[in-house]
Each structure stands twice: as C-alpha cells, then as structure tokens.
Amino acid sequence: SQKIEQNSEALNIQEGKTATLTCNYTNYSPAYLQWYRQDPGRGPVFLLLIRENEKEKRKERLKVTFDTTLKQSLFHITASQPADSATYLCAPPNAGNNRKLIWGLGTSLAVNP
Amino acid sequence: GAVVSQHPSWVICKSGTSVKIECRSLDFQATTMFWYRQFPKQSLMLMATSNEGSKATYEQGVEKDKFLINHASLTLSTLTVTSAHPEDSSFYICSARATGFMTDTQYFGPGTRLTVL
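These protein sequence lines are chains A and B, in that order.
Per this note's numbering, the very first residue in the first sequence carries number 1; after that it's consecutive.
Per this note's numbering, the very first residue in the second sequence carries number 1; after that it's consecutive.
These are computed hints drawn from the structure, not numbers from a lab.
Glycine included, each C-beta is placed from N, C-alpha and C at the ideal position.
Among the hints, erroneous ones may be present.
[To be verified] In silico contact screen, one side only, chain A against chain B (beta carbon under 8 Å); selected entries:
hint : residue
1    : Y28
2    : Q34
3    : L47
4    : A95
5    : G104
[As the list claims (entries may be wrong)] Beta-carbon label-pair distances, calculated as ranges:
hint : chain 1 : residue 1 : chain 2 : residue 2 : range
6    : B       : S5        : A       : R51       : 44 to 50 Å
7    : A       : N27       : B       : C13       : 39 to 45 Å
8    : B       : Q29       : A       : N27       : 17 to 23 Å
9    : A       : E60       : B       : Q60       : 26 to 32 Å
[To be verified] Okay, derived cross-link-like pairs now, PhoX-like style, lysine-lysine, Cα gap no bigger than 25 Å in a straight line:
hint : chain 1 : residue 1 : chain 2 : residue 2
10   : A       : K71       : A       : K100
11   : B       : K20       : B       : K55
12   : B       : K14       : B       : K66
13   : A       : K3        : B       : K41
14   : B       : K64       : B       : K20
15   : B       : K66       : A       : K100
16   : B       : K41       : A       : K100
17   : A       : K55       : A       : K100
18   : A       : K100      : B       : K20
19   : A       : K100      : A       : K3
20   : A       : K17       : A       : K3
21   : B       : K64       : A       : K100
22   : A       : K3        : A       : K71
23   : B       : K55       : A       : K100
24   : A       : K55       : A       : K17
25   : A       : K71       : A       : K55
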C-alpha cells in the first residue's frame with residue numbers, strides 16, 4: 001500500500017540554522033507532493049506544492065526538493081526562527097483517488113532561541 | 001487567498017446532543033470539501049468527502065448516520081455529529097479543494113475542538 005514516512009523523532013535546531021525535514025514515499029510515484037505546517041490545536045496550513053518534473057521549489061525561506069529516483073522530498077527552512085516551530089506534514093495525493101491526500105504523523109520541529 | 005473558516009472553534013456539549021460544525025470557503029468556490037478528525041498525537045484521519053449538490057462519500061468505518069454532512073452550496077459544508085458521546089470528542093477539521101493544473105490543493109479550516117461530557 002502507499003506509504004509515506006517522515007522523520008519520526010522531533011527535530012531540534014538552533015535559531016538561524018537550516019532545518020531539513022525528510023519525506024520518503026513507497027509503493028507508488030506521486031505526480032506531485034504538498035507540504036503543510038500544523039500548529040498545536042490548529043488545522044494544517046498549505047506551504048508549497050512541488051510536481052514530479054520540478055527538482056526544486058522555493059518560497060521565501062522555504063525550499064522543497066523532489067527526487068523521484070530516491071522517492072524522497074526534502075523540506076528546508078533557512079535562517080530558522082522560533083516562530084517556525086511546528087509540525088510539518090508532507091502529503092502526496094492518493095494514487096487510487098487523487099482528490100484525497102495521504103497523511104503521516106509529520107515531523108515536529110523546535111527552533112531554539 | 002484560499003481562506004477557509006470553520007465555526008465554532010470549540011464546543012462542549014452533553015452526551016446525547018447533536019452538534020453542527022460549519023465550514024466555509026471565503027474567497028473561492030469549492031465543489032469538494034473534506035472532513036477530517038484528529039486525535040492527539042495522531043495523523044489526520046479522513047472521515048468523508050463532501051460533494052456540492054450530492055451525497056457525501058464516507059470512509060470505511062465512519063457511520064454516515066452519525067456524521068451527517070450537507071454541502072448545499074459551493075462555499076458551505078456542514079458536519080452534524082448526531083447523538084454525540086464522549087468517544088466522539090476530538091478535533092474536527094474541514095478542508096476545501098482548489099484545483100490547479102493537474103493538481104489539487106486542500107486548504108484547511110482552523111478546526112473545531114469538540115468535547116462531549
């Protein structure tokens with residue numbers, strides 16, 4: 001079955017450093033992949049979408065890469081700030097019904113001042 | 001753009017009562033909306049897909065008679081938890097689907113915390 005895996009352990013980094021979060025997917029090849037941010041007690045917020053034919057996508061301090069050979073997407077936050085602390089979710093579409101998204105547990109990021 | 005609102009943001013009710021949650025897409029039309037439930041430390045769990053003007057499609061294991069969904073317009077979907085019980089206490093989140101070139105993005109509401117006493 002389709003599966004995504006993100007860093008299971010929380011990521012703690014120092015303010016100003018670059019945070020790198022990993023999303024691995026198995027058993028299928030999504031045409032695109034989305035990244036969301038979720039704060040405690042809030043709904044996810046859409047950040048970026050990257051298609052399979054795009055190697056890299058940027059938005060301000062965010063950068064996403066998509067390696068279809070490795071079946072992996074990396075999410076980078078440069079010059080991280082404490083306000084970036086949240087859970088980050090990667091969500092590819094479901095191959096059987098691409099209106100649905102596949103959700104994992106995400107990776108919890110804590111940026112320490 | 002792509003703002004989705006949800007109301008109420010939290011609700012506390014007695015066991016046996018019904019609770020209605022509204023989800024609105026404020027600046028775009030959404031023919032499809034989704035309803036999720038999320039328990040602490042768990043991933044988003046899709047409950048149902050709400051289609052404007054037609055019946056909702058429920059995920060396996062979700063009782064359609066308990067979780068009534070109505071999608072009467074292109075900007076509004078409602079979820080009614082009927083005869084709520086303590087085990088229905090959870091965080092309910094809706095999303096609205098915006099279509100792009102061969103892609104779909106879901107924009108989420110802020111969520112509704114339901115506590116059933």
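Hints versus structure:
1. Y28: 16 Å, violated
2. Q34: Nearest chain B Cβ about 6 Å off; hint holds.
3. L47: 10 Å, violated
4. A95: It is violated, given that the least Cβ distance between A95/A and chain B is near 13 Å, above 8 Å.
5. G104: 6 Å, holds
6. S5/B <-> R51/A: 44 to 50 Å: 29 Å, violated
7. N27/A <-> C13/B: 39 to 45 Å: Because 41 Å falls inside the window, the suggested range holds.
8. Q29/B <-> N27/A: 17 to 23 Å: Violated, since Q29/B and N27/A (Cβ atoms, about 34 Å apart) do not stay within the stated range.
9. E60/A <-> Q60/B: 26 to 32 Å: 40 Å, violated
10. K71/A <-> K100/A: 19 Å, holds
11. K20/B <-> K55/B: Measuring from Cα to Cα gives roughly 17 Å; hence the hint holds.
12. K14/B <-> K66/B: 16 Å, holds
13. K3/A <-> K41/B: At roughly 18 Å apart (the allowed maximum being 25 Å), K41/B and K3/A satisfy the hint.
14. K64/B <-> K20/B: At roughly 14 Å apart (the allowed maximum being 25 Å), K20/B and K64/B satisfy the hint.
15. K66/B <-> K100/A: Holds. K66/B to K100/A sits at ~22 Å (cutoff 25 Å).
16. K41/B <-> K100/A: The given pair, whose Cα atoms are some 21 Å apart, holds under the 25 Å limit.
17. K55/A <-> K100/A: 23 Å, holds
18. K100/A <-> K20/B: Holds. K100/A to K20/B sits at ~24 Å (cutoff 25 Å).
19. K100/A <-> K3/A: 14 Å, holds
20. K17/A <-> K3/A: 30 Å, violated
21. K64/B <-> K100/A: Holds, at roughly 18 Å.
22. K3/A <-> K71/A: With Cα atoms ~11 Å apart, K3/A and K71/A stay inside 25 Å; holds.
23. K55/B <-> K100/A: The given pair, whose Cα atoms are some 17 Å apart, holds under the 25 Å limit.
24. K55/A <-> K17/A: Holds. K55/A to K17/A sits at ~23 Å (cutoff 25 Å).
25. K71/A <-> K55/A: This hinted pair holds, its Cα atoms lying about 12 Å apart.
Checked against the numbered hints above, the structure violates hints 1, 3, 4, 6, 8, 9, 20; every other hint is satisfied.
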